[in-house]
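Please put together the full structure from these sequences, using the hints given.
Residues in the sequence shown are numbered consecutively from 1, following the working numbering.
Everything labelled a hint here was simulated from the structure, so no lab data went into it. One thing to keep in mind: the hints can contain errors.
Label-pair restraints from in silico Cβ distances [claimed, not checked]:
#	residue 1	residue 2	range
1	Arg102	His226	50 to 60 Å
2	Lys407	Ala432	35 to 45 Å
3	Pro51	Lys407	22 to 32 Å
4	Lys32	Leu352	49 to 59 Å
Fair warning: this is a prediction, and the values are worked out from it, not measured in the lab. Ideal Cβ placement from N, Cα and C applies to all residues, glycine included.
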Amino acid sequence: MDQGTEAHCMGCKQGWSRDEIIKAIGKSYYNKEYKEHRKNMMFDTEKARFPETMPIVERVIEEKNIQEDIKKIDIEREVLREKMYALEKKKRNKNNALYNLRTNNNGEAKEKKVFIKKCPVGDCEGFLSSSWKCGVCSTWVCPECFEIKGKTSDECTKQQLDEQHTCNPNNLETAKLIKAETRGCPSCGIPIYKISGCDQMWCTQCKVAFSWRTGRRVHGVIHNPHFYEFQRQGGGAVVNAPNAQICGGIPDYRSWNDRLKAIFGENRGGGTYTRTVGYGANRRTICGPLEQHKKHTFECLLTLYQKSEYFKSHHYIWWETRDSVECYSDIHDNYSNGVPQNQIKLESFFRLIDRFHRGANHFMDIVLGELRRQLNRDRDNQDLRVKFLMKDLNETNFKITLAKRDKQNDKKRHLLDVFELMGAVYTEVSIAIYNHMTCFANGIGPRPRYPNRDGSGSHRYKAYFTKMMTDKDVMHKLFKMWSDIGDEFEKLTRVRIYCNKQLCKIGKSYNNGVTIIDAIFETPKINIKDIKVDMKKPENIQGLFCPVIKNKKLIYTTDNYYGKLKYI
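Listed below in structure tokens is the structure:
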């Protein structure tokens, strides 16, 4: 410790990691004597650079003096600006008065028809305008406490309503909380509430992505779940990810979605019902490929399940559970004939695919990308040296800040190693799944155009999917594709669980919370208390990061984001 160097091997001079140092000298000695020694060593290093920092100190002092002069100029300019504004306002009022005299206008401004909030009247379905008046029932609402004031009449004017209303303090606090926890859409102004997740929001009203923190529109990668749900239901034009490469990196959403549509058609939410898609002149009704072929397809699936060499017993067979009893009366009793009891809806498969693609993009762009950017920034402690020399920072706080920064950067480097592994597997699996879907889509031939509004072309569209869902060779290929995709997800799950365990070890080593990758490809943060409790029992780790199956059934569903399981 007297040499003033980093801990290293005496033989090969190779530096030791944090865990190796603790193992060699003990955690108690590390947190006390060694930690204090490291603070002094880092401070001495920075102290040796004080002479080279003096020109910067002089520059900062000069900058402060100039900034003070600029502030004085700004104050003087602001006074003149207020005088100019007052004169402009006076002139504008005179011009308005002159215009009203010439046009016999009473000068009342028309109400701007911007509706910002739902009417609080129980049986009213209207919305409040920017003046806080309902456009349906003409009820006035208080903008401060959101309580109903009433309606105007010949006996009661708007001014009288305002005078009669008194805000309840409890309602005021509630209204302030609502205002604080919502953000207005930068495009349409609709207030949006954030439940959880990252900074990116998606307005379901005007279909615009924006940042919760800055309020600005997002024009790059969109990874919000509501955007994926909107695209999955066939709405709007897809926003391509910038610099996306089909043969390298995660495929963009347009290509990904086109592969799904090429296989299962525009109605890929299950296939046994009709729905309307599109907007305006393109609005049309789409029939699922199984609408008129349920019984035949069921028999085909049953035969394939019994004989297909590609179907694996641990994989779920897909089947739409909303089929009517009239289609085949014996569907509920067919388990004895070979139908697997572990079934999963086709809709759940597409939700899994969508969540995987969204989660992969979110991880690469937000989690891994931000960590890379943080570590690529210059680690120079020039700001601390300047503050210390200008007496804005004492020696004790200087050392504490150095130790904190050193610990944070060391932790980030260890996290980056794990995240790089997960990012590589995310990319590899996404490309593999895309290639499996491409291979199957190319094997069944080109998909016909969607039916026109007048119904023309629907026979080719239905014939295409009828052949695909009833041809045994095609169904063999479908099961093989499904099996291959299942293998890719199993590989991803193994790597994901391994990465989560390593992340927990890092969190325990640094006594900090960490970000994990859960079973639905989200990236929640868990604190150190949960890490210490769950790492004592291996089954807890399995429950944290894996879907839980009991009695051959999932104990959660995709409809409620896997139920109430923690971190899943």
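Quiz item: Range hint 49 to 59 Å: satisfied by the CB atoms of Lys32 and Leu352?
Solution: Holds: the Cβ-Cβ distance is about 50 Å, inside 49 to 59 Å.
Quiz prompt | 50 to 60 Å as the expected CB spacing between His226 and Arg102, which holds or is violated | solution = holds, 51 Å
Practice problem: Evaluate the given range 35 to 45 Å for the C-beta pair formed by Lys407 and Ala432. | Solution: holds, 38 Å
Quiz prompt | Satisfaction of the hinted span 22 to 32 Å by the C-beta atoms belonging to Pro51 and Lys407 | solution = At 28 Å between Cβs, range holds.
Consistency with the previously given hints is maintained throughout, with no hint failing.
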